[in-house]
Structure formats: structure tokens, C-alpha cells
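Order-wise, the sequence lines are chains B, P and S.
Be aware that the first sequence starts at 28, since it is given in this note's numbering, and climbs by one per residue.
Be aware that the second sequence starts at 466, since it is given in this note's numbering, and climbs by one per residue.
Be aware that the third sequence starts at 699, since it is given in this note's numbering, and climbs by one per residue.
The hints are simulated quantities; they were obtained by calculation from the structure and are not laboratory data.
There may be inaccurate statements among the hints.
[Stated by the list, open to error] Cut-off 25 Å, straight-line C-alpha distance, at most; resulting in silico cross-link-like pairs (DSS-like, lysine-lysine): (1) Lys1039/S <-> Lys215/B; (2) Lys534/P <-> Lys769/P; (3) Lys610/P <-> Lys779/S; (4) Lys621/P <-> Lys610/P; (5) Lys775/P <-> Lys762/P; (6) Lys531/P <-> Lys769/P; (7) Lys610/P <-> Lys860/S; (8) Lys621/P <-> Lys638/P; (9) Lys531/P <-> Lys775/P.
[Claimed, not checked] Only part of the chain S face toward chain B is listed, based on derived beta-carbon distances under 7 Å: (10) Gln730; (11) Ile758; (12) Ala817; (13) Ile903.
Ideal Cβ positions, reconstructed from N, Cα and C, are used throughout, including at glycine.
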Amino acid sequence: MSAHQFAQYLIDGLTQGSIYALVGLGFTIIYAVTRIINFAQGEFVMLGGTLSYVFAVTSGLPMPLAIIVAILVAAATGVVMYLLAIRTARRASVLSLIIITIGASIFIRGIAGNRLGVGAVQPPHFTGNTTILFLGAKIDPQELWIIGITLSVTILLHLFLTYTMAGKSLKACAINPEAASLVGINTKTTALTAFILAAAIGGIGGVAVAPLSFASYDMGAMLGLKGFVAASIGGFMSPIATVVGGLILGVVEKLAVGLSWGPFNSSYKDAIALVVLLLILLIRSGRLAAEERSA
Amino acid sequence: MRKYLKLSLFVLMTVALVSTCAIGCGGSKETATKEPYVIGAIFSTSGVSASLGVSEANTVNMLVDKINKAGGINGHNLSVIIRDDGSLPDTTATLATTLIEQDQVLVIIGPTTTGETTAIMNISTDAEIPLVSCAAGAAIINPVKYWIFKTPQTDKQAVVEIYRYLQSQNISKVAIITSTSGFGTSGKGYLESEAATYGITLVDNQRFDSTDTSMTSQLTHIQGTDAQVVVCWDTDKASAIVAQNMKTLSMSIPLYCSHGIATPAFITEAGDAANGIIFPAGKLLIVDNISASDLQKTVLTDYKNDYLAKYDASTLSTFGGHAYDALYLVVGALENMNEDLTLAESRAAIRDGLEQTTNFIGISGIFTMSPTDHLGMQPGSLALIEIVNGAWTPVQ
Amino acid sequence: MLSWSGKKWIYITTAMLLVFLILFPFDWFLGQYTYLMITIGISTMVTVGLCLLMGYTGQISLGQAAFYGLGAYFSAVLSTKYGYNPWLAMLIAAVVTGAFAYIIGYPMFRLRGNYLAIATLAVGMILGILFNRLSNYTGGPDGMAGIPHLSIGGFAFDTNFKRYFLVWFFCLAVLFLSQNIVRSRTGRALRAIHGNEAAAESLGINVAQFKVKVFVLSAVYASLAGSLYAYHANHIGPSSFDFLASVKFVVMAVIGGLASIWGAIFGAGTTRLLSDQILLGFNNNQVDIIIYGLILMLIMILMPEGLFVSIKSGTLWLRTNWRALPSIMKTKRDELPARIKYLFGRLLSTRLWRKPEP
Chain B
28 MSAHQFAQYL
38 IDGLTQGSIY
48 ALVGLGFTII
58 YAVTRIINFA
68 QGEFVMLGGT
78 LSYVFAVTSG
88 LPMPLAIIVA
98 ILVAAATGVV
108 MYLLAIRTAR
118 RASVLSLIII
128 TIGASIFIRG
138 IAGNRLGVGA
148 VQPPHFTGNT
158 TILFLGAKID
168 PQELWIIGIT
178 LSVTILLHLF
188 LTYTMAGKSL
198 KACAINPEAA
208 SLVGINTKTT
218 ALTAFILAAA
228 IGGIGGVAVA
238 PLSFASYDMG
248 AMLGLKGFVA
258 ASIGGFMSPI
268 ATVVGGLILG
278 VVEKLAVGLS
288 WGPFNSSYKD
298 AIALVVLLLI
308 LLIRSGRLAA
318 EERSA
Chain P
466 MRKYLKLSLF
476 VLMTVALVST
486 CAIGCGGSKE
496 TATKEPYVIG
506 AIFSTSGVSA
516 SLGVSEANTV
526 NMLVDKINKA
536 GGINGHNLSV
546 IIRDDGSLPD
556 TTATLATTLI
566 EQDQVLVIIG
576 PTTTGETTAI
586 MNISTDAEIP
596 LVSCAAGAAI
606 INPVKYWIFK
616 TPQTDKQAVV
626 EIYRYLQSQN
636 ISKVAIITST
646 SGFGTSGKGY
656 LESEAATYGI
666 TLVDNQRFDS
676 TDTSMTSQLT
686 HIQGTDAQVV
696 VCWDTDKASA
706 IVAQNMKTLS
716 MSIPLYCSHG
726 IATPAFITEA
736 GDAANGIIFP
746 AGKLLIVDNI
756 SASDLQKTVL
766 TDYKNDYLAK
776 YDASTLSTFG
786 GHAYDALYLV
796 VGALENMNED
806 LTLAESRAAI
816 RDGLEQTTNF
826 IGISGIFTMS
836 PTDHLGMQPG
846 SLALIEIVNG
856 AWTPVQ
Chain S
699 MLSWSGKKWI
709 YITTAMLLVF
719 LILFPFDWFL
729 GQYTYLMITI
739 GISTMVTVGL
749 CLLMGYTGQI
759 SLGQAAFYGL
769 GAYFSAVLST
779 KYGYNPWLAM
789 LIAAVVTGAF
799 AYIIGYPMFR
809 LRGNYLAIAT
819 LAVGMILGIL
829 FNRLSNYTGG
839 PDGMAGIPHL
849 SIGGFAFDTN
859 FKRYFLVWFF
869 CLAVLFLSQN
879 IVRSRTGRAL
889 RAIHGNEAAA
899 ESLGINVAQF
909 KVKVFVLSAV
919 YASLAGSLYA
929 YHANHIGPSS
939 FDFLASVKFV
949 VMAVIGGLAS
959 IWGAIFGAGT
969 TRLLSDQILL
979 GFNNNQVDII
989 IYGLILMLIM
999 ILMPEGLFVS
1009 IKSGTLWLRT
1019 NWRALPSIMK
1029 TKRDELPARI
1039 KYLFGRLLST
1049 RLWRKPEP
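Next comes chain B alone, as it looks inside the complex (with noise of 0.2 Å):
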């Protein structure tokens, strides 16, 4: 492997790890709030990548609201769930919010396929398609987007959630909903932007994507389950480790293609990250599992 090849498997392996990472932070998100494992999460980021495109290319408006447009439609289908799934559900069992999660997700990708069509679609490119080098790798400039973004999305969070009362609030859901709830936060309405959140920024990773490879009403399905493998090394809890889940699961990967040894070659590398799941469950399961007696 040559030092620009490893350059080039490092900085595409930032670029998948980045959406990744997203789509963790929106499990992590969604899961410490309110202890729910939303299986619909990746299709958040296909509604954002696909929408966008409607909107940009068929309904012909201009790209920054298309895309703005897009993000708050997928925003809305978070509250949607939370209205009609989660909220009724009341006193559902772990196992109901799982299976009524997996039917949203694949009620969203069904309607999604039948009004857009099985085919892929690529909005246009942000600042367009011209090879860039960066630090040694030709890339599209839209990979520097998607890196950027990815950072840009986490440290807004990381404020929102020290310095803001609804980010406080989501951290004290997080860590206790019963005291949170005697110190008057309202559990309800935290839960409800868990979910807008989660589902903004899912589209938001959609959006950045789409213009480099592709949506498709299918592409929710893979990369919510690499989403939920950054989102377990980040413990569920803390959205910095999600992201550098996310980071490392993207990076290994295209690594695993690269040294092309043993089973880390390019045929199995979904595998890898499904392996390192099973890997962090188990290794954790000691401390998991003391968390959900005590919830």
C-alpha cells in the first residue's frame, strides 16, 4: 500500500464514516432520551437525500431551499413517529416499540419506493464535481462537504446540548427521566425534539450524500444498521464517541478493502462492521446490562 493510496483510503474512509456518524448521533439521541431503538432511522437520511432531489431538480426550486425544505420534511416525519407510533404505544414493551420502529421503517421505504421510483437520483453536486487533491487524495469536493458538515453538526450539538435549557433537558431525560421530570422538566416535550432532532439530522447527513452517491429509496436499510454499530461504540450515551464510532467503523472499512488480507477484503467488509457490534455488545454486556435493570 502506498503512502497516496493509504491517504486516499483514510480520507474516503472520513467521508463514509461521516455519514455514519450521523445517522448514529441520531440513535444515540433518540435512544438515551427516551430508551427507544429507532430501526427507521436510516430512512431519515433517505427521505433528506431523495427529497432533495424532488424538490431541487422535479419541483425545480432553487438548491439551498430545496435542501432546507427536505431536512424540515424529514424533521416532520420524526414527529409523525413520535405522535402516532411511540405516543400511542403507551405502555408498550420493548419488544412492541422495536417491531412498531420496523414497521415504520419499512412503511416510510415502501411509499418512498412507490412515489419516487426503484431508480437512484443524484442532485447536483454543492460546489460541483471537479477532482480536488487533499493531503495527498483525489477526492469530489463534495466529500470535504459531508466532513465538514458532519463537524460542524457535532459541535452545534455538543453546545446545544451544554448550554441550552432544551439541550440540558435532553442530557437530564438522558441520565434520569424520573428526577428530571421533579425538577419540572416536561419528559414529553423532550422526547418530542429528541425525535425532531434525530430525524433533522438524519436528513441533514442525506442531503450531504446525495450528491455524491446517489439516493435511493432503498439506501435507509444499510446504513441505519452502520449507524447503530457507531452509535453502540459510542456506549448510546455520549454523542462525541458516537461520531468517532462513526469515524473508525468508515475508516476500517475502507482500510479492509485496501489491505485486501484474509476475510478484509472487499467481499466481506459489511461483515466487519456487524462483527464489531456483536464484539462491543458482548464485551459491554456486563455494564448494559446493569443499565436496563435500573431503568
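Given chain B's structure and the hints, the job is docking chains P and S onto it.
Only chains P and S this time, still in chain B's reference frame:
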């Protein structure tokens, strides 16, 4: 719990009986319907192979209309029941069983892909009904199965077409990048097995998942080898990503693709990166460039014009052509069929008729079937096409 | 205990069910749908295992289709590529699948709830990838064909009619076996575990061991079902054993009612019938998927105990209250405005925090 058991079992029984009667009493149980001729078709108009299936379904609908307007087949109208299997072989099996036993069709056209076809080959054989598949896999007709036919060229023929050209250009070092889907895996198999015959060495062998969004690492790895060309084997979306990635990485070596990109959607998706790509496909895509003495020219031109009159140009592809061929092969068999046969006898007669097809000029090629050849296509039915300025031109 | 008349009813309805099942595949009855019933029977076997796992021990498995696939692939590969006797292959497949479940069971059951679900999902997907990539053994993404039929001596199960009886023989055997387990000491132990694990542990029940045992049993059921499927369809491919397939099995278990063994038939049957009717009715697989997702959500939201149990309690209520029906309906109609206001108020003041099952 035991107290309610009796009632619940009773309710269960009633529900079961009522629902099965409701469903069962819907269908009719007549034997052979001779007026009109009913044939079944299974295409993937949704799911991963939807772009292929939609072309096929459109083509069949259009042709059935055309045939019926011209008076049908010996006075019988043609009626086709088209079912969508969503690119899922389990669904294909269910639909095939329904078509055979409930709709009692004479013959089945389709399905769209190899996996779906293999799932119903046994069903078709057990029910003794002919199947004319629109899928590429060579395993469908090799070894030959009594009731199974197919119309598209096999993947092997496509690979050989590329390799033969490469050999003529004195190219010997090839890197392949294939998807893990059935289509990609089949292509990989032939790319590997046929290489030696044409003096080709595979210097790199990369895979990707059809749903992957970036193949830059695989291509970066290829860049580290001394490959002279890259051969990519998948349908349009992933191939478009490969094409774009190669452009981003400023790779100068040429890209060859499979016949999976033989649709206008590929050019839209790949954009600038499409130019310079060479791939094998049926002559439909370059019909305007082939000489007037080519036997297929009239048939191709007519099909193209008829299709564009009714449907969007973005769905015109060689895949629809496979359905055209399947349908007309069946029509040919029906035309020669005796009229007073039972259902079972009709199905057998159609099968015999299909096997006796001689020099049928179709979209994918010219077909002559035999008991040992249920594809029946002559070599030379595939042309090598290059994309130049967003349009298809034949390679000289 | 049940009075004689109570028992009489059970015998009568069981007899009716058996007669119905036996007569089913004949052409003059409902023979057209034999293929459908075979697939329902196979699905029921997997579903029963899932019901035992989810309903009686409270553990979730989102990867059951992987065990189904292991059974199918092992039987197929051993009987096709290595010439093993199909029955022997089926047995070996069940043993291997059971052993695999045993090995991964202990570490996995240290996890709870959500995490266990995800772990089973990951295992299922890894197996799915292996089915796809190990094409030298499994035939790759297009699967493998040419799987032989099961046969006894010279009698081969080569028609739907014959296979129907074979499949339902296994299915009923599995159902009766499970019913026995549930009614025995083991069943009571399982219910204790489901109620409260700590309490069960304190009573001397080895919780971890029971959970793993049930998990292994469900895996073996799924493996048998997979083998039967392979010998029935004579062709298998990885797309039948993916995450969506696992979800479908979970749906069947849920609809049938997690704690109900015989409900498994109902769950498998309804899901399959519904799926087929949607498919044929809309003739668009996409719409099929949309409706599937919708129904999934609605059932879990409105009837979390499962369709079967809800119908049971609903008919029971009807039976006891049918005389008073008209007056009940009138009261409900009058109360409507007040009830809506009340519901609204309750909805808005819901406690969001969800406790896992105690």
C-alpha cells in the same frame, strides 16, 4: 385458559373455514379456456430489478394490444396476466403456483432474473407447463431442461464478447470489480473462467455490494496494480457509481461494463463519466447505425418506434426486448397449435412449438431452438457499444 | 378441573381441526391451496419456537431466519453435494444448528431487551452474508438447485399432496411437543422466569440454562422447518433467509399471540394469507410492503397482546354480554363526547418513560 380453549378453537375453526371458502369460492374451476388464450407473465416491476421488469411489462402490454388489434391468433384474443414478484424468488414461487393452478395459464413468460427463474423451474417442470425466462443465467438452459426456455444471451456470451475484443487490442491485464448480487457473481464466474482462453490475466478481483455508495477504495486498490482496463459487472446504478468514482480518482484506463447498463437510465445516472465506456448489448441500442441488410433491422426499428410511441424513452432497453422475444416465440407456438386440446395438451403443444422455432427474427437475436438448445441464439447477436457524447455508437 | 362437557368441546374442536387438515389437500375440497398450506405449516414450526422464546422466556430474536437458513443450507448441501441421505442430512442440520445456538446462547443471553434483539439481528445478518459469499458451498446469491426430495424406501415425497402430509405431520408433532413442555414443570419454570427473573433465580431455577435451552429448541424447530422447506422447494437462495424474513416470523408470532402455542398456526396462516391477498390484489410488491409495515404498526399499537388473544377475549366478552348489547351501545353513544375529552386529556398527560418488563 382451558375454559376458553374450546370457544377459541371453535372460533378459529369457523374463521378458517369461512375465510378459505371466501377465497376458494372466488375462483372458477373450468378446464382449458380456448377463447381467449391466457398466458401468464411474472416480471419484477418493483424491487431491485425494477428497471428491467418495467421495460418487460410495458413491452408485453404493448404487444398484446397490437396483436389483438390485428385480430389475435387464429381468431383467439391474447390475454396476459402480468404479476409483480418484487425481485424476490419466494414471491415468484407463490405467483407461479397461483398462475398455474388458479389462473390456469397456458405458458409462463419471465421471470426477470436468474434467482427468480431457478426458484420456479421445478414448479414449472412438475406442473408440465412451459417457461420462457427473460433471465441471463446460463444455468437455466445448461443442462437443458425439457420445459424451460430463455431468450436473453447468457452472461458467458457477454463476457466472451468483451474478452474477444480485448484480445484483438492486445490487452492482457484486466482488473475486475463485480457486485455480490446474482448477476454480478455470475459475471465474476465467467470473467474468471474465460480469461485464460483469451490470453487475459486478472490482476485484481474486487467486490462490492449493489447497495454500496462508494467504490473508491476498491478502485484505489486497482490503481496500485498494472491493470490495463477495468471490467465492472453490475446493473446501472452501481456501475454509474464506479464510473463516477473512476473519474474522481482521475483513472485513465478504460472502463468496460456488462450488458446490465444497456438502458438510458445509466447515461442519466453516470453523467459525464459515462463517456468512453464500452459494453456488449443487443443491437436495439444502435439500431440506427446498423446496415439495412441486417436481418434484424426492420424488427428492431419497428419495436423501437412502437415502444416510444407509448412509453417514456428512459425505459426503452434491451431487457424489454427479451420480453418481446419471449412473447413472440409463444405466439409462434400458439399459431401452429391445434385448437381442440385440453389444458395439459395445449401446454405440451406449446412446448413442442417453442422447441421447433426456426430462424425467428427477434430483438435480442435470431432464434433457432432444438431439443438440445433451449436458447437458440446464434453468436454475433451481441454488439459492442461505446458511449460517445451521451449516445450509443457501435465500436468498430 | 374441566368438567366432562368442557373436555368434550376440546376433543370435538380438535377433531374438527384434524379432519379439516386431513381433507384439505384433496382436489374436491381445497386442494388448490395445498402449496399455500405447506408454506403455512413450515412457517408455523418456526413461529412456535419463536413463541416459546418470546412469550415464555421474554427474549427477543430478530435473527430466527438464520437458523431456518442453516437448516435449509445444511440439508441441501449435504444431500446434494455430498450425497447424504436426505433424512440424515436433516438430522445433522438440526444437530449443527442446535449446537450453534447453544454456543452463542450463553454469551448472548447475558444481554437484555433491546441489546439482545440487536445481537440476534447481527448474528442473523452475518449468517446471511456467509450464505451469500460462500458460493462454493452455498451456490452464492442465486442459491442452489437440484435438492432431492425426501423419500421412505421407494416412496418419494415428490408432489405437493404428499409433502403436505409430511410437513403437517412434523408441524403437529412440534405443536404437541411444545404444548407438553408448556404444561410441564419446565413450562412453569419458564413462566416464572418471564414474570421476574430475580425471583425465579431465588427459587432455585437456573435462569440462564433455561433461556439457552429454549433458544436451542427454537433453533432446532427452525432448522427442521428449513430442511423441510429445502426438500419441498428443491431450490433455496439467501434472499429467503434475510432480516425481512426474520421480521416476518416475529410478526407471525406476535399476531398469533406470544404466549399461545396453537396461536402460532393462526399467526402464520393469517400473515401468509394476508400477504398473498395483498400481492394478488394490488399486483405491486411495493404496495405489499407498505401495507405490511402499516399493519405491523397498527397491530402492535392497538393490540399488543396479539390478534389471536384479542379475538379470544373479544368473543368471550360477546358471549357473556350479548343480551345487553343494545343498551350498552346506546350508553356508549351518549358517553362519546365526554370520553373523547377524557382520552385527549389522558393522552397528553402520559408518562413517557417506558420501563422494561419487570
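message = Of the numbered hints stated earlier in the document, which are not met by this structure?
response = Result: hints 10 and 13 break, sorted rising.
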